[in-house]
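Enquirer: Protein sequence lines, in the order shown, are assigned to chains P and E. Basically the numbering used here = 1-based index in the first sequence + 35. Basically the numbering used here = 1-based index in the second sequence + 56.
Among the clues, some could well be false.
Claimed, not checked - No farther apart than 27 Å at their CA atoms in a straight line, the calculated lysine-lysine pairs in the DSSO-like style are these:
| hint | chain 1 | residue 1 | chain 2 | residue 2 |
| --- | --- | --- | --- | --- |
| 1 | P | K120 | P | K297 |
| 2 | E | K266 | E | K429 |
| 3 | P | K235 | E | K84 |
| 4 | P | K120 | P | K147 |
| 5 | P | K147 | P | K237 |
| 6 | E | K266 | E | K106 |
| 7 | P | K84 | P | K53 |
| 8 | P | K235 | E | K106 |
| 9 | P | K84 | P | K279 |
| 10 | P | K229 | E | K106 |
| 11 | P | K229 | E | K84 |
| 12 | P | K287 | P | K120 |
| 13 | P | K279 | P | K297 |
| 14 | P | K86 | E | K106 |
| 15 | P | K297 | P | K84 |
| 16 | P | K84 | E | K106 |
| 17 | P | K279 | P | K296 |
| 18 | P | K120 | P | K146 |
Honestly, the hints are just simulated from the structure, not real lab data.
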Amino acid sequence: MNIVVCVKYVPDATGDRKFESDNTVDREGVDGLLSELDEYAVEQSLQLKEKLGSDGGDSEVTVLTIGPAGAVDAIRKALQMGADKGVHVQDDAIAGSDAFATSLVLAEAVKKLPHDLVVCGMASTDGGMGVVPAMLSERLGLPGATLGSSIELDGQTLKIRRDGDTATVTVEATLPAVLSVTDQSGEARYPSFKGIMAAKKKPVETWSLADLGVDAGQVGLEASYTAVEETQARPPRTAGEIVKDEDGSGAKALVDFLVSKKFV
Amino acid sequence: MADLSSSPFELSPEHEALRRTVRDFAEKEVAPHVAAWDREHHFPVDLVRKVGELGLFGLTAPEEYGGAGGDFTSLCVAIEELGRVDQSIGITLEAGVGLGINPILTFGTPEQREQWLPELVAGRALAGFGLTEPGAGSDAGATRTRAELVDDEWVVNGAKQFITNSGSELTSLVTVTARTGTREDGSAEISAIVVPAGTPGFVAEPAYDKLGWHISDTHPLTFTDVRVPADHLLGERGRGYAQFLATLDDGRVAIAALAVGCIQACLDLSVEYAGQRTTFGGPIGRKQGVAFQLADLEVMLQASRALTYRAAAMKDAGRDTGRHRAEFKRAASVAKLYATESAVSATRIATQVFGGYGFMEEYPVARFYRDAKILEIGEGTSEVQRMLIARGLGLPVE
Ligand SMILES: Cc1cc2nc3c(=O)[nH]c(=O)nc-3n(C[C@H](O)[C@H](O)[C@H](O)COP(=O)(O)OP(=O)(O)OC[C@H]3O[C@@H](n4cnc5c(N)ncnc54)[C@H](O)[C@@H]3O)c2cc1C
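Bound conformation, chain P alone:
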């Protein structure tokens, strides 16, 4: 079975965020890493591979990312966790692409890879749109089982549980399919030192838009439907309010505060 897991290289959320003059995220000047939400996708891919064992032929997990040169670090991390090989789509023309354009490039790359299952995280930790998995399934013409918090594979049937605000639903899809997993699907493993050493020797291919047969005019900032018009620095933290309870009025003061801020 061939699993393709799509991951994103994002700016380290613990560092400072910076933007370019065109309001796109500065990806070159900041430390980046494998998006934490995509670690869950890698984890589920590896678990599926492990559960399949060597029955049904050897399974292979391919990590796919689109991003600048540094994005290979995201692939490397997934390989250290245990994925088998990587594909890095890198092309200057892609910079500034929105989810729609990104899903086009991803879909064309996936088409070039053997795939029974395409696994994504629930959203990126930078853009946070959470729409790429659905767009990808549409573009590939494959069923999309999105936002899975528990995942099972039974032969050619993928079964996920999706926990919504008002209901929990079970979604089934027949392979090949696109799956996205949430941060409730199970903690991602840490790479072991053995895994780190082994990853050194795992193959990573770099593809350009030309390799995918995608025209540069279909992607990038110009071809994107969404654009960030303005960014603002987060306002500095204010002092907060301390409620003192000296005469039993504390509880009421707390409730009044919550009501005034429309938290309750």
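Given the coordinates of chain P, work out where chain E with the ligand should sit on it, guided by the hints.
Expert: Structure of chain E with the ligand alone, referenced to chain P:
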């Protein structure tokens, strides 16, 4: 073999990846609990198992025992990163490998290795090394614990003191040094013997009440007619002490790595605080009196790290044996001495930067302040390091 001349202090991308992994682990699994564990003097068995699952106890062990077959530098990186979040957890790993696993790996028979290593390497078990006694610390040759061979069994009697990882739920054995006879010249014949936990007569007395390292497991041990089979002798009879000394050099570099973690923590905490805390209308980091102290911390950090990883690189390049041995021993002592004394200074500076808050257990600097002092004492005191370095210079120091 690594070529030392090219870039001796540059860690490989794989070492940096390991650093990142251990840092993530320490931030997620250790940091949130460490204040409570420290307050309660709690040895977190479950966490130690997780450290094992992460493969850290097995970093340098061969694959046949479940290890990763990695280099010594990788172990130093792991100790440094655990130590950056908590020194006790760092020492638990350092002692688990250096004093627990390594003697058995280095001197054990195939049967002894087979019997003990897989569990130790997986971090499901811990081993201690009992050298120090109430009357024998720096002067470890003054060991009084005795072992006598009676009917194919060693009968051990005596006491050990300050032994790390020796009385926890996970402890599977303690290797102890004991007199097994007297040499022709009248000096003691000292051998090393493996005593499995639970052997009748072997008691780990209640844990010490220590100034620091509250999360680390340290006990006095007593041995009363403890009987173990003759094949529990580790290494050659009469070579126990000498053999053990041979493994001490690595331990010194590993302790230096733990000290580097301590200095890094002091620097990180202080720089952050210096940017936040305001006095007289501005952050204290603007005052030269504070900022210059932080600059000193950075110097200590870089120098300590360079000495430590240089010594580790020497070992990884095979320069800990043969004609390079003396050079490595000196590099290990220099690293241990400089990094540990810097760590103590660093905690003093960090606590000072935090002012009164630095004296409060609420802030991690207070814990680092208490934890650092032992670094200048364990695995060879600062005085012992100076003695060794001076001797290496050819001085006739006693
Ligand atoms: C928390 C903790 C954990 C430990 N874990 C272990 C363990 O797992 N296994 C183990 O075997 N031991 C362990 N030790 C023991 C530790 O290694 C010894 O405490 C250390 O070697 C010093 O020995 P001592 O305490 O007997 O001090 P002493 O040797 O009595 O030294 C007292 C002072 O005299 C100085 N001194 C001694 N000789 C000389 C000299 N020749 N020249 C100049 N100065 C000298 C020393 O530097 C020191 O300042 C541990 C200790 C502690 C506190």
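Enquirer: Hey, K279 (chain P) versus K297 (chain P), does the alpha-carbon distance stay inside 27 Å?
Expert: Answer holds: K279 (chain P) to K297 (chain P) is near 21 Å, not above 27 Å.
Enquirer: With the threshold set at 27 Å, check whether the alpha-carbon distance from K266 (chain E) to K429 (chain E) stays at or below it.
Expert: Given that 27 Å is the threshold and the Cα spacing comes to 11 Å, the pair holds.
Enquirer: Hey, K235 (chain P) versus K106 (chain E), does the alpha-carbon distance stay inside 27 Å?
Expert: holds, 25 Å
Enquirer: Going straight from one Cα to the other, do K86 (chain P) and K106 (chain E) come out at no more than 27 Å?
Expert: Given pair K86 (chain P), K106 (chain E) holds - Cα atoms ~22 Å apart, limit 27 Å.
Enquirer: Does K237 (chain P) lie within 27 Å of K147 (chain P) when you go C-alpha to C-alpha?
Expert: With Cα atoms ~19 Å apart, K147 (chain P) and K237 (chain P) stay inside 27 Å; holds.
Enquirer: For the pair supplied as a hint, K84 (chain P) and K279 (chain P), confirm whether the alpha-carbon distance does not exceed 27 Å.
Expert: violated, 55 Å
Enquirer: When you check the alpha-carbon spacing of K229 (chain P) and K84 (chain E), does it fall within 27 Å?
Expert: holds, 21 Å
Enquirer: For a C-alpha distance cap of 27 Å, please report whether K287 (chain P) and K120 (chain P) respect it.
Expert: Not OK: K287 (chain P) and K120 (chain P) at ~59 Å, beyond 27 Å, violated.
Enquirer: Given the hinted pair K266 (chain E) and K106 (chain E), is their alpha-carbon gap at most 27 Å?
Expert: holds, 25 Å
Enquirer: With a cut-off of 27 Å on the C-alpha distance, tell me whether K120 (chain P) and K146 (chain P) pass.
Expert: holds, 16 Å
Enquirer: Take the C-alpha atoms of K84 (chain P) and K53 (chain P), compute the straight-line distance between them, and say whether it is at most 27 Å.
Expert: violated, 38 Å
Enquirer: Taking 27 Å as the top limit, are the C-alpha atoms of K120 (chain P) and K147 (chain P) close enough?
Expert: Judged against 27 Å, a Cα distance of about 14 Å means the pair holds.
Consistency with the previously given hints fails for numbers 1, 7, 9, 12, 15, ordered from lowest to highest.
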